[in-house]
Amino acid sequence: LVALFGPEHGLRGTAAPGEEVASGRDERTGLPVHSLYGATRKPTPEMLRGIDVLVFDMQDIGARPYTFVWTMAMAMEAAAAQKIPFVVLDRPNPITAAADGPPMHMDVRNVTQVITGYYTVPLRHGMTAGEVARYYNADAKIGADLHVVPAAGWRGNMWFDQTGLPWVSPSPNIRSLDAALKYSGMVLAEATNLTVGRGTDAPFTYLGAPWMNATAVLARARTYNLPGVRLDTVGFVPSSPDPKAYIPFRGERVHAIRLTVTDRDRFDPPLTALVLLTEIRRLHPTQFKITDDGFTQMIGSRWARQAFDRGDDPRQIARRWEQELAQWETVRNRYRLYPAR
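Counting in the numbering used here, the sequence shown runs from 1 upward without gaps.
It is possible that part of the hints are untrue.
[Unchecked claim] Across the chosen pairs, the derived CB separations fall in these ranges: (1) G235 with D107: 38 to 44 angstroms; (2) D139 with S240: 38 to 44 angstroms; (3) R315 with E20: 19 to 25 angstroms; (4) P285 with E252: 17 to 23 angstroms; (5) T29 with E252: 39 to 45 angstroms; (6) E19 with D107: 24 to 30 angstroms; (7) P285 with I51: 29 to 35 angstroms.
[Unchecked claim] No more than 35 angstroms apart at the CA atoms, straight line, and that leaves these computed lysine-lysine pairs for DSBU-like: (8) K83 with K244; (9) K141 with K289; (10) K42 with K289; (11) K83 with K141; (12) K42 with K83.
No wet-lab data here; the hints were simulated from the structure. On a predicted model such as this, the values are computed, not experimentally measured, just so you know. The beta carbon of each residue, even a glycine, is placed where N, CA and C say it ideally should be.
Whenever a hint applies, use it, and build me the whole structure from the sequences.
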C-alpha cells in the first residue's frame with residue numbers, strides 16, 4: 001500500500017457534507033492521502049505515479065446524489081487513462097436492489113459542480129458499487145481494466161441489517177439504515193429552503209421550516225395514501241456543538257413532517273418526497289424556494305423540473321418516472337452480479 005485517496009467527508013468519514021478536504025498525510029499509517037473532494041475530483045497522473053493497481057473499497061448507500069460511486073467512476077476514468085488496473089471490493093447495497101424514482105438525463109449532469117449525479121441511474125438505483133462500476137465502464141465506454149470482487153452471500157432482496165455486518169456510518173448524517181433509505185428521496189429537499197433534520201438525532205426523517213404549516217401539509221399529504229410510511233407533525237430546534245456544521249435553521253423552532261417507515265419493502269422514498277415538496281409548495285408558494293440548481297439534476301430531467309414547477313400532480317410525474325425506470329432496468333440487468341433472492 002503506497003497511497004490513500006479520500007472522497008467527500010474525507011478518509012475517515014468525518015468532514016461535513018460539501019466541505020472541501022485537503023490532501024495530506026494519514027496519521028495512522030503515515031501514507032500520503034490524496035483528496036478527491038478538494039482541488040480535484042479525479043486522481044491526477046502525478047497522484048497515480050508509481051501505483052500498480054487502484055482499489056476502491058467503500059460502503060455506498062444506493063442513492064444517486066451520494067457521491068462515493070461517482071468518485072469511484074472518475075477514479076476509474078483516471079486509471080484507464082494511465083492503463084492501471086482498477087479493482088472494486090464490492091459491498092452490499094444497504095437498501096436492497098430495488099430501484100425507485102427518476103433516471104438522470106445526461107443533459108442535466110453539469111448543472112452543478114457538485115458530483116451529486118454523474119451518470120444515468122435512478123434516484124434510488126438499487127446497484128452495488130461493483131455493479132455501478134461495470135455499468136459505467138461498459139455503457140460509457142471507459143475502457144478500464146476493471147475487476148470486481150463480489151460481496152459473498154448477498155442477494156438483491158437483502159437489507160443491510162440482514163447481512164450480519166455492523167453498521168458503520170459512511171458519512172456524519174447517515175447514521176442508520178433508516179437514514180440511508182429515507183435519504184434516497186428526502187435528499188431532493190436539500191436543494192430547497194427546507195430542512196431534512198440536520199442538527200437532530202435523526203437526519204432525513206423530517207421535512208420542515210419555521211414558516212411551514214405542518215398540520216395543513218400533513219392533511220394534504222395523507223390524502224395520497226403513500227405506501228409503507230406514516231406521516232406525523234413534529235416540532236424541533238436544530239442544534240450542533242460544531243459551529244461549522246451545516247445546520248439549516250440552527251436555533252430556530254422548526255415545524256415539520258416526520259416520516260416513520262412502516263413497511264420498508266413498499267416505501268417509495270422519491271414519491272414520498274415529491275408529494276411532500278409539492279404540497280408544501282402549494283401551501284407556501286411565496287416562502288418555498290428552490291435554492292440550488294442541483295434540484296434539476298436530482299429530480300433527473302428538465303421535463304420533471306418543469307412539471308414540478310407547474311405544480312403537476314406528483315403521481316403523474318411518478319408514472320412517467322416509472323416508464324423511464326422500466327427502460328433503464330433493461331440496461332441495468334446486463335450488469336447484475338447478484339441473484340434477486
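Hint by hint, here is what the structure shows:
no.	hint	in the structure
1	G235 with D107: 38 to 44 angstroms	holds (41 angstroms)
2	D139 with S240: 38 to 44 angstroms	holds (40 angstroms)
3	R315 with E20: 19 to 25 angstroms	violated (39 angstroms)
4	P285 with E252: 17 to 23 angstroms	holds (21 angstroms)
5	T29 with E252: 39 to 45 angstroms	holds (42 angstroms)
6	E19 with D107: 24 to 30 angstroms	holds (29 angstroms)
7	P285 with I51: 29 to 35 angstroms	violated (54 angstroms)
8	K83 with K244	violated (40 angstroms)
9	K141 with K289	violated (38 angstroms)
10	K42 with K289	holds (32 angstroms)
11	K83 with K141	holds (14 angstroms)
12	K42 with K83	holds (15 angstroms)
The earlier numbered hints that this structure contradicts are 3, 7, 8 and 9.
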